[in-house]
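Novice: Here is what each chain is made of, one letter per residue.
4 protein chains.
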Amino acid sequence: MTSTTHVVRAATIPAPKQPVEVREYPRPELEDGAALFRTLLSEVCGTDLHLQQGLLTETPYPLIPGHANVGVIEEVRGDVRDVGGTPLRGGERVSFLDVHATCGACWFCLVAKATTRCPNRKVYGITYGADDGLLGGWSEYVYLKPGVRIVRIPDGLSPETVIGGGCGLPTALHAVERSDILLAETVLVQGTGPVGLSCIAFARLRGAYKILAIGAPKRRLDAARRMGADLCLDVETSTVEDRREAVMAATAGRGVDTAIEASGNPAAVPEGLDLVRDNGTYTVVGQYTDHGPVQINPHLHINKKHLDIRGVWGIDYSHFHRGILLQERYNAQFHWEQLITHTFTLDQANDALEAVRSGQAIKAVIRPGASG
Amino acid sequence: MTSTTHVVRAATIPAPKQPVEVREYPRPELEDGAALFRTLLSEVCGTDLHLQQGLLTETPYPLIPGHANVGVIEEVRGDVRDVGGTPLRGGERVSFLDVHATCGACWFCLVAKATTRCPNRKVYGITYGADDGLLGGWSEYVYLKPGVRIVRIPDGLSPETVIGGGCGLPTALHAVERSDILLAETVLVQGTGPVGLSCIAFARLRGAYKILAIGAPKRRLDAARRMGADLCLDVETSTVEDRREAVMAATAGRGVDTAIEASGNPAAVPEGLDLVRDNGTYTVVGQYTDHGPVQINPHLHINKKHLDIRGVWGIDYSHFHRGILLQERYNAQFHWEQLITHTFTLDQANDALEAVRSGQAIKAVIRPGASG
Amino acid sequence: MTSTTHVVRAATIPAPKQPVEVREYPRPELEDGAALFRTLLSEVCGTDLHLQQGLLTETPYPLIPGHANVGVIEEVRGDVRDVGGTPLRGGERVSFLDVHATCGACWFCLVAKATTRCPNRKVYGITYGADDGLLGGWSEYVYLKPGVRIVRIPDGLSPETVIGGGCGLPTALHAVERSDILLAETVLVQGTGPVGLSCIAFARLRGAYKILAIGAPKRRLDAARRMGADLCLDVETSTVEDRREAVMAATAGRGVDTAIEASGNPAAVPEGLDLVRDNGTYTVVGQYTDHGPVQINPHLHINKKHLDIRGVWGIDYSHFHRGILLQERYNAQFHWEQLITHTFTLDQANDALEAVRSGQAIKAVIRPGASG
Amino acid sequence: MTSTTHVVRAATIPAPKQPVEVREYPRPELEDGAALFRTLLSEVCGTDLHLQQGLLTETPYPLIPGHANVGVIEEVRGDVRDVGGTPLRGGERVSFLDVHATCGACWFCLVAKATTRCPNRKVYGITYGADDGLLGGWSEYVYLKPGVRIVRIPDGLSPETVIGGGCGLPTALHAVERSDILLAETVLVQGTGPVGLSCIAFARLRGAYKILAIGAPKRRLDAARRMGADLCLDVETSTVEDRREAVMAATAGRGVDTAIEASGNPAAVPEGLDLVRDNGTYTVVGQYTDHGPVQINPHLHINKKHLDIRGVWGIDYSHFHRGILLQERYNAQFHWEQLITHTFTLDQANDALEAVRSGQAIKAVIRPGASG
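Protein sequence lines correspond, in order, to chains C, V, X and L. Numbering-wise, the first sequence is residues 1 to 372 according to my numbering. Numbering-wise, the second sequence is residues 1 to 372 according to my numbering. Numbering-wise, the third sequence is residues 1 to 372 according to my numbering. Numbering-wise, the fourth sequence is residues 1 to 372 according to my numbering.
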């Protein structure tokens, strides 16, 4: 594949609830400060499934999914640098932050310093549509607009490791950091999907004493153990009461110091609130889609517990940047690449979504350069 | 009243749902390290009403209520000192922390440092009953056990000012401090009872820009304005949507930076969650009694909002100590004594409870030394 | 003064140690996103004196000083908005943040989130020189480049009040916020210049119990009392030991909970370290110029004291924005405009510097529109 | 050794600068709530050397050193429990917190919550002398007064592992926690004695990216590598400038995110301040003895750097408790027992001090039950 390529193939969701189809797009001209990225691997995430199912609001169909990507710089126009100020060159292996155009000029960016709530931010593969350009990773090439944050992949870190972590890894890093886990705390992670699994890894990296995990199916619980969980509870074969007994038995009857919700199931929230000890911390990072309300008891769950509850929305560049550093330093301990259970070509994108939907996959990826 | 007194009169709740009656108790002998306190003023709090109604669990009836008190040291046995190490002498005006026997030896005290959740702590007027001694303030005298934390009332601070703040003041201090209000933030306080009113004062003392309050009736909203609220919304004459519109209008459509729930109504919780801005802070301090569950939306209220929710249970000595300092320094600005709307004798204790129950009183007090 | 003006007069430092002279510059053409600001008032700050004396490194002479300014929008080119997204119009009274071009793209901005240490930031009147344009406030007009952060002056807030706070006000806000003062703490402020005086005001707005100040001369100590200091110690008529005795007498022999160094004198640092209590906080905000080393004792001052020491460099937009809100809400309490003791025309700029150098002025200002 | 023992042998420092001698003491009678502890291993710490050299103030000679100890409960009188409330029984393997009598009643304990600065605390082996009882671990038996905090040694954790961590381990835990290391930060530890080595381990447990260490001699640097240091700089064979170059080369010229001083050398402080990046954190935990002042530059080292400097004095029970949990969970990674390089009998106590003084030992221990 060389710079003579003029047509770019990209898996595209034409409209809500429509099957993905591979479309051809012209190879883009680069504006000043932009770069062209040749995709090696792109993640298939639960959000991609929600996009295809039409569950998110204001999605700009047709859409090229793929917000976590590893590839190679194919071409650079003008001065494109990483945060260290080093210019990027063609041929370098990189990843880039899907979140783009955090404005740095609005009240949320400048006064609240809540940049993940900046109303101007755009996300590759989610809020940028195909009409905006080649802005999703299920494509042979991705157009990196000026200002897209690019990081080099360190030597010795494979594309599979980076995408094995995927978008869930920096999200988990954000959640674990918001949880402010102290050395020797006991931590519960609810959910053993990609976010939950990296939460387990990072709870271990924060020096937790004991890590409990609630999830399913068995394949994911096995992965949870590999990531550092000491005790895994299968949510499909246990009751709420079973799990409560197990957690209390493991914590001298007090509940865990910190629990992190990474399941996406609203019912996990009151269950988790019950499982945290008084004056503990409960972090909610799994509720990325609106699945409706749940009942909680303000007296028992918040006031009398003297609890801290912390929501976690999105990531910023620091999570992305440090996530790569942590993979570089600690992948020998966690082997994120082993979370990849399924690999697909662009032409198999619908199979990829099905692997995610069915729960068969821990992590499915698309390899756009592979022939279908 | 001198040391020749041999009989002590105290208003006593004989059993759940029974009227308060004045009983006579023998004047106690002091053990080493104890003191006898002659009550000048004792607060009548919503919790006292709940005690009389039998709403709290494990209440040791018969019970002498009264957990916020101002009085005079009548007698001291042995070495009794304040936290500064100065011995206390007969005749000094003092108040004391109702929370007693925080053990300093359990997992919650020593490892979690969550002393307000110490399972061994006892509370004068609430979890100590009349069979345990003269351990509530609706009594001519209170027995201060060894280890009770006593503070001198500074010159220039009247008993009425201290009890006008009452137990709600250090609770509010705890809540405002947990809220970690930044200079120039906009703060909403839900509830205009004694806790809410002191929350307003302390939000002002933390340099809030704008303070909004939701409450009722008019007398309390007037007090809210005096304590520093810029905008008061009457919960009895407005709808949830009215209030939402008013709060959004006052905050450029974003919601407040910090909201503090001090109402005791579970429905206030989802309403408050709607009124805080993204990445704001929501503190729950009003849910001291279990009034059942409410519905919240984990996606909208926690995860996507990137919210901090913080429960606040009880107080420790630092809140009590610093509350007195703040009254000394700032009462000229807030006039806590003006929150006292009703004063009763021991024999009128049932009238006192009715004044609280009906919402007529902002703060009712009992003056045990007054003749009935 | 109308849009037909073609020549702009600006007081200019031609070279280090040279007197300021008024030069004439052409009225600039606006690029897209820029605005022209007609200066009403510009501050004369200690830093301006250091610029004239040649004490700062890498200063781009010739230089138009003036980094804290209030004026009127004279002209706007294209889309210029405040952080709330409201377009700015000609005729509006505004101020602007002197710090410009914080890049939002470097390691310090994105990973460390230490934006005041961004190596790309430029400061109007300090690191932008006259060759870069009309980029200092000692000028009839200032060129507001695209991206300059502009705030409207609220109705009821005079230009004198805003400049009476000046650059020291947001710096003090930053310092007080870094100090994390708790309600009822005792606070010491070392230095009674503009930064120190606003530190006193903000310590009061954070609900300090007692505020002590060390400074001179009498005029500034009088101002310190007006800003909220309870006890003022004259640094010119007392010894280190005198001051130590006075601080210990005011704090039960423990030292203050928080001390803030705002004096610029290196010797203040070991003195302040001695005056903070064990486990207190010491914030250093006054050492903006290198006046050489001092001796401290790591055992006594840091380790055994279990101290927190916090340096404060510069401000970001949030301090500037919230500073204006605090002036709007609380100026009736503090009267920042009363800190202005001297007003000069452009032609009197050398007299203005002398008023600052001699310590005669608390705050001197230049009114570029006044005739000389 | 049975309960019929009537004489207890203990190594005792008779007076400053006198050799240690073994003295015999009567076996103590237990008061209610006390326990008798049979010492298996007692640490020899740098502080013990300072005690023998007479460098600490107010030392109560004659003194039985030994403040970090592992042993067996020989006898219990009355109700003695651990923090979980479980009664302790004879024959159990335990350790105990040397810090005793933190009062829980003074201003530092109750208002400042700075319990390590409680003026009433006493320390076994340091501030309790032989005249106070068998209150140091260089003794066949130690008298555990009522209120001494005792922890069971978990199965699978050897006495050697616990004492290999020794008093430096909870001190390091405190320092690392005060440093608030973020995931993926680069950390520098100055000093490779027992505190520094555990700081390295805990920085690793907090998920540091890169850990640098400065120390000597080679044996300790080898240990530093085993504890997780990525780069070790020999302080004896390098200059300050050499080390600065090495640190800057490892940190893209910025300096480390966090540095922890654990060397005891005052000169390490200005060196460390130079090696931390702007807006980083510098923690001082090694300056336990007064070795005089050093020069720092307030402008460059604090103000312009926007630095956080944090002193760390002593430990509380939580550090001790969690230290044991961390050893239980992570000793397979760190092997604290390998830090023990020298073991002595009571009769060899002077040799033990010499091994520490000469720097030959990483960690020396005394085994009181061994025959000399």
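Please note that a few of the clues may not be correct.
Any copy will do: because identical chains look the same in the list, a pair fits if it lies in one copy or spans two.
To be verified - List of simulated lysine-lysine pairs, DSSO-like, C-alpha gap at most 27 Å: (1) K210 - K113; (2) K122 - K17; (3) K113 - K145.
Derived by calculation from the structure, the hints in this document are not laboratory data.
Novice: Now tell me if each hint is right for this structure.
Specialist: Here's how the hints hold up against the structure:
no.	hint	in the structure
1	K210 - K113	between (34 Å within a copy, 20 Å between copies)
2	K122 - K17	within (23 Å within a copy, 51 Å between copies)
3	K113 - K145	both (24 Å within a copy, 23 Å between copies)
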